[in-house]
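Build the full structure now, drawing on both the sequences and the hints.
Given next are the chains, with one letter for each unit.
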Amino acid sequence: MHGFANPARFLRIARPLTPWLTLSGLVVTTAALLAGLFVTPPDYLQGETVRIMYVHVPTAWLGMAGWAGIAAAGAAQLIWRHPLAIVAGRAMAAPGALFTALALATGSIWGRPTWGTWWQWDGRLTSMLLLLFLYLGYIALAQGGEDRDRAGRIAAVFGLAGAINLPVIHYSVLWWRTLHQGPSITLRGSTIDPAILWPLPLALLGFSLIFAGIVLMRMRADIARTRVEARLRRLAQS
Amino acid sequence: MNPWPFVIAAYGIVIVGTLALLLASWLGMRSAEAAADASRSEP
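Protein chains in written order, with our numbering: chain A, 1 to 238; chain B, 1001 to 1043.
Don't read these hints as lab results, they were simulated from the structure. Among the hints, erroneous ones may be present.
Partial selection, computed: residues in chain B whose CB lies under 7 Å from chain A [stated by the list, open to error]:
1. P1003
2. A1009
3. A1010
Facing chain B, from chain A, some residues (calculated, C-beta under 7 Å) [as the list claims (entries may be wrong)]:
4. T49
5. R81
6. P83
Covered stretches of chain B (in silico footprint by chain A; criterion: 3 or more residues with CB under 8 Å from a CB of chain A, positions within the stretch not fixed) [to be verified]:
7. 1011-1023
8. 1033-1041
Built from N, CA and C at the ideal position, the CB exists for glycine as well.
Written as structure tokens, this is what we have:
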């Protein structure tokens, strides 16, 4: 991991990787969504609305994975003082927030025809809404002011503390049995029929590749801006 | 209740949201890297 601590070495890997991740993500996601819309059969109980699963589950997964990444970046920054950790944390915040918001929106759209309501203060929905607010708080903190190092440390601590919400989201459907269904996919298998399930791993992979491509783009932009700022500071001092 | 408007709305916001962020990130990266290259070539 420390091998990538040098921004120049990181950029040598990130530059060719960015288009590959993005384009392969777009191809895999398009295939998965077309299969989810036109190939898989409707569910015996939910009918056609089950197709929302192929966009809802990947966005919810990436909302949670994004915060897990922010917490890992925070730990790398505080423990090893990894110079790219805060850059990675900042880069994951906007896509993580977007996918969390999309998970909430698609869940609400799915809830209306399935549950008969757009929103319920149920454990899963409320903890996901809290995750969105955590992202917004992180974005505000990580932008910081004049002292970027201090803002980065505060954001790292906030990222680690906010990770407490991840197991709450995961176990919320078991702790509070309200409206949201329990886990359909576990380590022991899935309760979803294979004829409906198969595009879901493809959609998860495709959206994850797009997410990784976006994070690399935002890290590269952050590094480039930092270089311009450093050059301007040197010019001002000379 | 016709389910298709709900399905289309869910797919629509995810596709538009993802592509919008992808485009914004790509444009941001290109302009930031162009500015960094331009500042390096300045005396």
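Under the constraints set out in the numbered hints, which ones does this structure not fulfil?
5 and 6
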